[in-house]
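Peer 1: So you can see what is in the structure, the chains are spelled out below.
There are 2 protein chains.
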Amino acid sequence: MAEDSSKKKAKVLEDLGLGLYKQIEKGENPYVTVPIRGLSNVKYSKEKGILTLGSGVSRRYFLNVGHVRKFVQTVAVASLSKNLIESDKHTSLRDVFYQMRRTIPGTKVDVVDDQTETDKAVEDLELITDLTREQLHITANKNGAVAGDVIIEDRGDTIDWSKMGSGGWAIPSTTEDITFKKVNAKFVLYMEKAAIWDRLNEDKAWKKLNCVIIASQGQATRGIRRLLQRLYTEQNLPVYVLTDFDPWGFYIYSAIKFGSISLAHASEKLALPQAKFMGLLADDIERYDLKRHLIKFKDVDSSRLQQIKGYEWFRNNKAWMEELNKMEKIGSKVELNAFTAKGLSFMTEKYLPEKIKEDKFLD
Amino acid sequence: MAEDSSKKKAKVLEDLGLGLYKQIEKGENPYVTVPIRGLSNVKYSKEKGILTLGSGVSRRYFLNVGHVRKFVQTVAVASLSKNLIESDKHTSLRDVFYQMRRTIPGTKVDVVDDQTETDKAVEDLELITDLTREQLHITANKNGAVAGDVIIEDRGDTIDWSKMGSGGWAIPSTTEDITFKKVNAKFVLYMEKAAIWDRLNEDKAWKKLNCVIIASQGQATRGIRRLLQRLYTEQNLPVYVLTDFDPWGFYIYSAIKFGSISLAHASEKLALPQAKFMGLLADDIERYDLKRHLIKFKDVDSSRLQQIKGYEWFRNNKAWMEELNKMEKIGSKVELNAFTAKGLSFMTEKYLPEKIKEDKFLD
Numbered sequence: 048m049a050e051d052s053s054k055k056k057a058k059v060l061e062d063l064g065l066g067l068y069k070q071i072e073k074g075e076n077p078y079v080t081v082p083i084r085g086l087s088n089v090k091y092s093k094e095k096g097i098l099t100l101g102s103g104v105s106r107r108y109f110l111n112v113g114h115v116r117k118f119v120q121t122v123a124v125a126s127l128s129k130n131l132i133e134s135d136k137h138t139s140l141r142d143v144f145y146q147m148r149r150t151i152p153g154t155k156v157d158v159v160d161d162q163t164e165t166d167k168a169v170e171d172l173e174l175i176t177d178l179t180r181e182q183l184h185i186t187a188n189k190n191g192a193v194a195g196d197v198i199i200e201d202r203g204d205t206i207d208w209s210k211m212g213s214g215g216w217a218i219p220s221t222t223e224d225i226t227f228k229k230v231n232a233k234f235v236l237y238m239e240k241a242a243i244w245d246r247l248n249e250d251k252a253w254k255k256l257n258c259v260i261i262a263s264q265g266q267a268t269r270g271i272r273r274l275l276q277r278l279y280t281e282q283n284l285p286v287y288v289l290t291d292f293d294p295w296g297f298y299i300y301s302a303i304k305f306g307s308i309s310l311a312h313a314s315e316k317l318a319l320p321q322a323k324f325m326g327l328l329a330d331d332i333e334r335y336d337l338k339r340h341l342i343k344f345k346d347v348d349s350s351r352l353q354q355i356k357g358y359e360w361f362r363n364n365k366a367w368m369e370e371l372n373k374m375e376k377i378g379s380k381v382e383l384n385a386f387t388a389k390g391l392s393f394m395t396e397k398y399l400p401e402k403i404k405e406d407k408f409l410d
Numbered sequence: 048m049a050e051d052s053s054k055k056k057a058k059v060l061e062d063l064g065l066g067l068y069k070q071i072e073k074g075e076n077p078y079v080t081v082p083i084r085g086l087s088n089v090k091y092s093k094e095k096g097i098l099t100l101g102s103g104v105s106r107r108y109f110l111n112v113g114h115v116r117k118f119v120q121t122v123a124v125a126s127l128s129k130n131l132i133e134s135d136k137h138t139s140l141r142d143v144f145y146q147m148r149r150t151i152p153g154t155k156v157d158v159v160d161d162q163t164e165t166d167k168a169v170e171d172l173e174l175i176t177d178l179t180r181e182q183l184h185i186t187a188n189k190n191g192a193v194a195g196d197v198i199i200e201d202r203g204d205t206i207d208w209s210k211m212g213s214g215g216w217a218i219p220s221t222t223e224d225i226t227f228k229k230v231n232a233k234f235v236l237y238m239e240k241a242a243i244w245d246r247l248n249e250d251k252a253w254k255k256l257n258c259v260i261i262a263s264q265g266q267a268t269r270g271i272r273r274l275l276q277r278l279y280t281e282q283n284l285p286v287y288v289l290t291d292f293d294p295w296g297f298y299i300y301s302a303i304k305f306g307s308i309s310l311a312h313a314s315e316k317l318a319l320p321q322a323k324f325m326g327l328l329a330d331d332i333e334r335y336d337l338k339r340h341l342i343k344f345k346d347v348d349s350s351r352l353q354q355i356k357g358y359e360w361f362r363n364n365k366a367w368m369e370e371l372n373k374m375e376k377i378g379s380k381v382e383l384n385a386f387t388a389k390g391l392s393f394m395t396e397k398y399l400p401e402k403i404k405e406d407k408f409l410d
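These protein sequences, in sequence, are chains A and B.
Each residue of the first sequence is one higher than the one before, counting from 48 in the numbering used here.
Each residue of the second sequence is one higher than the one before, counting from 48 in the numbering used here.
This is chain A alone, in the form it adopts within the complex (with noise of 0.2 Å):
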C-alpha cells in the first residue's frame, strides 16, 4: 500500500513536469498555477471548522524575468521530491536549500541563494500539487514524545508505546506513514509542555485514565498535528488539550483545532477541529484556587491577547470571546506547573478526571 501511495505521488509530480513539456512542446510560455498565501487569503471555513485558503490564484511564467526565478525553483523542488519518494528517502527543508544550491550550467547563477527561497518553494509546491510536505518527503523539525497503551508499526519496527520507560516514544517529523496496531485508550491528551507530560508519564496517567499522552515543548509541530488527527479520524479518540492560561497556550489550541494561518493550505490533513479543550480556563482559577499563582501579563501577552480576539474563528465564537474577555480582565496569566503546589500527582488524581467526567468543554 505504502508503494502504491508512492507510485501516485510520484505520478502527481512526473504530471507537472510532462504538462510543462506539453506547454514548451506546443510553443506556448509555460507556468504553473499558485494560490495566493497569507492573511488576505485565509478563510475560516464555517462548514469545516477549518482555516482554509481563499481562491485567490496565481500564474507563474518561464518567460518573464520577475517570475522566472520562483518558477525554476518550483519545478526544481519538484524534481528534487520525486527522487525522494522514488528513492525512498527523506529529506529536511535545511538539506533541501542545500541540494538545490547548484549553479546553473554555462551560467554565474544559482538556482537558490537563501533557504527562505526553497522552503517557499516547497509550500508553493504543496499548494499546486495538494500533497503536503511530509508526503513529498521532507521533513519539519522533530520534537515532542509519546506513551499509552497503543502498539504501531513504523518502517518494519514494532513499537510498543506502553514499554517506553521514563523517555516515551520521540515522535518523529513523519507520522504520515506509521500504523496502528493496537490502541487501548479512550482518548489523547496532548500538551504543550514536556516536563506536565514527564510528570503525568511517571505516574502512569495513562493507564490510570485509559488514554495516550502527547507533548511538544510549545508549539505542536507538523509530525504531533497529523498524529493527533489520525487518531481521531482513524482510531475514533477524542482528543483534549492542556495548556497554560495565557494567549499563547490559547493559541496552541486553536492552532490544533482550526489549523494555522502559515499552514491554511494544509488544515485538511493537520487541522483537527473536534479538538476539546481540557484548560487551563478563568474558572478553573477560581475553582481549583490558583490565584495566588496568578503571574501579571507584559505588554507582549496583552497585545498577542488583542491579536487573538481579532481573527475571525474567535471573534464569531461566543463561548470563547466571552473566556478571551474574561482573560483580559484578570489580566494575568496561569501555568499549569502551579496544580504541583497542590501535590505532585493532583492533576492525575483530580483534576484531569474531573474534567473528564464533567464532560463540559469549550469549543
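If you're looking for bench data, these hints aren't it; they were derived computationally from the structure.
Check before you lean on any hint, since a few could be wrong.
Copies of the same chain look alike in the list, so a pair counts if it fits in one copy or across any two.
Stated by the list, open to error - Using 30 Å as the maximum straight-line C-alpha spacing, the simulated DSS-like pairs for lysine-lysine come out as follows:
1) K210 / K90
2) K155 / K376
3) K356 / K343
4) K73 / K343
5) K389 / K117
6) K356 / K136
7) K155 / K129
8) K129 / K55
9) K90 / K69
10) K55 / K404
11) K136 / K95
12) K251 / K56
13) K404 / K323
14) K136 / K73
15) K117 / K90
16) K397 / K73
17) K345 / K228
18) K389 / K58
19) K345 / K323
20) K210 / K136
21) K228 / K376
22) K55 / K73
23) K167 / K376
24) K343 / K117
25) K338 / K73
We have chain A already, so just place chain B on it with the hints.
Peer 2: Relative to the frame of chain A, chain B by itself:
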C-alpha cells in the same frame, strides 16, 4: 540497588537537617557551607581534563538578615527533595518553584518570589550534598532521541533502541537510572542536529557503522550528557561528537568534553574528557569540497569565537588553537547539512567511515 541508593541519598539530606538541628541545640547560629560558583571560581583541571570548581566557599547563616532568605530556601529545597526521593517521584525546576511558593505562617513573607531563587537553591543543594540535580529527583528539560543495537531497562520496561522506527527513543531528562542490558556497538555518535539524526537513522547508519546515534536540538541536555558519559565509562564506547564548523558547534563539543562553566560543579558526573571531535574541521572544507557552502560570519559569530579563544582550556591546547585560528582566518561557518549537496547518504557512506578509519581526532 536503586532502593539502596535512595536510602543513601535521603540519608545525606537527613544528615544536613540533623547537623542544623545540633547547631541550634548548642545555641549556635545555624549555617550551611556553600562553594562559590561563577567563572571566578571555575578552574580547568589539567589532570582530570575537566572544568572544576575552585576552593572558594562561603557560609550562609540563619541569623543574618542578608543570608536568612537563601538559608531558608536551601533548607526548604532539601526537605522537598527528601520527600521526592522517598516517594520515588520526580519534579521539574519550574514545579519546584510552585511547590516552594508558600507564605511563612504568621507572616506576610513568601519563601520564594521568583524561580531564579529556587533554581539557585537547587544548585546550592547540589554543591552542599554532592548529589546531582538528577539524584535529587529534580528534572531538567527533556530533548533528543537515540537509536542503536542496544537494549536498556527503564522503570521496569525493556526498551530496544534498534526497534524504534523513524522516531527513536525519546531521551528522558534523567538518564541516571536506566540499566544497559545488551550493548552491541563499537562507538557512540552524538550530533547537535535532529535533522542529521533523522537522515542517519533513515539510512540505518547505526547498523551499518555499528554504533549508537544520539541527537539533541542545539546544546546537549544534562540527560544526554550523562547518557554519553555512562556509555563511555560503563560500556567502554568511544564517543564522537559531530557539529557544524562554527564557534557554537565547537562550544557544544567543549561542554560535552570539559564540562560547562555554569555546571562546573557537576563536571564529574557530566563531562567526558575522552570525547573526540568528528568534525566539521577547517581541513574538511578543502577535502570535501565544501567551499561554496561557506556562510560568512556575523558579528555575533566572530565575537563568540574570540570568547572561546580566551577560555583557558582552549588557550592552552595547541591543536585547538590552530583550529580556531583557521576558523578566524576563514571567517565563515559551514553546516553539516552541506554534505547533503554531495548526495543524501554521503555522510553514512563516505564521511563517517573515512573519519573513523583514519582515527585522527582533535583532542
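Peer 1: For every hint, state whether the structure bears it out.
Peer 2: Tested hints:
no.: 1; hint: K210 / K90; in the structure: neither (43 Å within a copy, 43 Å between copies)
no.: 2; hint: K155 / K376; in the structure: between (60 Å within a copy, 26 Å between copies)
no.: 3; hint: K356 / K343; in the structure: within (19 Å within a copy, 42 Å between copies)
no.: 4; hint: K73 / K343; in the structure: neither (66 Å within a copy, 45 Å between copies)
no.: 5; hint: K389 / K117; in the structure: between (56 Å within a copy, 24 Å between copies)
no.: 6; hint: K356 / K136; in the structure: neither (42 Å within a copy, 40 Å between copies)
no.: 7; hint: K155 / K129; in the structure: within (26 Å within a copy, 67 Å between copies)
no.: 8; hint: K129 / K55; in the structure: within (11 Å within a copy, 59 Å between copies)
no.: 9; hint: K90 / K69; in the structure: neither (34 Å within a copy, 71 Å between copies)
no.: 10; hint: K55 / K404; in the structure: neither (45 Å within a copy, 42 Å between copies)
no.: 11; hint: K136 / K95; in the structure: neither (34 Å within a copy, 44 Å between copies)
no.: 12; hint: K251 / K56; in the structure: between (40 Å within a copy, 24 Å between copies)
no.: 13; hint: K404 / K323; in the structure: within (14 Å within a copy, 55 Å between copies)
no.: 14; hint: K136 / K73; in the structure: neither (35 Å within a copy, 72 Å between copies)
no.: 15; hint: K117 / K90; in the structure: within (25 Å within a copy, 54 Å between copies)
no.: 16; hint: K397 / K73; in the structure: neither (70 Å within a copy, 45 Å between copies)
no.: 17; hint: K345 / K228; in the structure: neither (47 Å within a copy, 50 Å between copies)
no.: 18; hint: K389 / K58; in the structure: between (57 Å within a copy, 26 Å between copies)
no.: 19; hint: K345 / K323; in the structure: within (28 Å within a copy, 45 Å between copies)
no.: 20; hint: K210 / K136; in the structure: both (28 Å within a copy, 19 Å between copies)
no.: 21; hint: K228 / K376; in the structure: neither (48 Å within a copy, 56 Å between copies)
no.: 22; hint: K55 / K73; in the structure: within (27 Å within a copy, 83 Å between copies)
no.: 23; hint: K167 / K376; in the structure: neither (40 Å within a copy, 34 Å between copies)
no.: 24; hint: K343 / K117; in the structure: between (46 Å within a copy, 25 Å between copies)
no.: 25; hint: K338 / K73; in the structure: neither (72 Å within a copy, 42 Å between copies)
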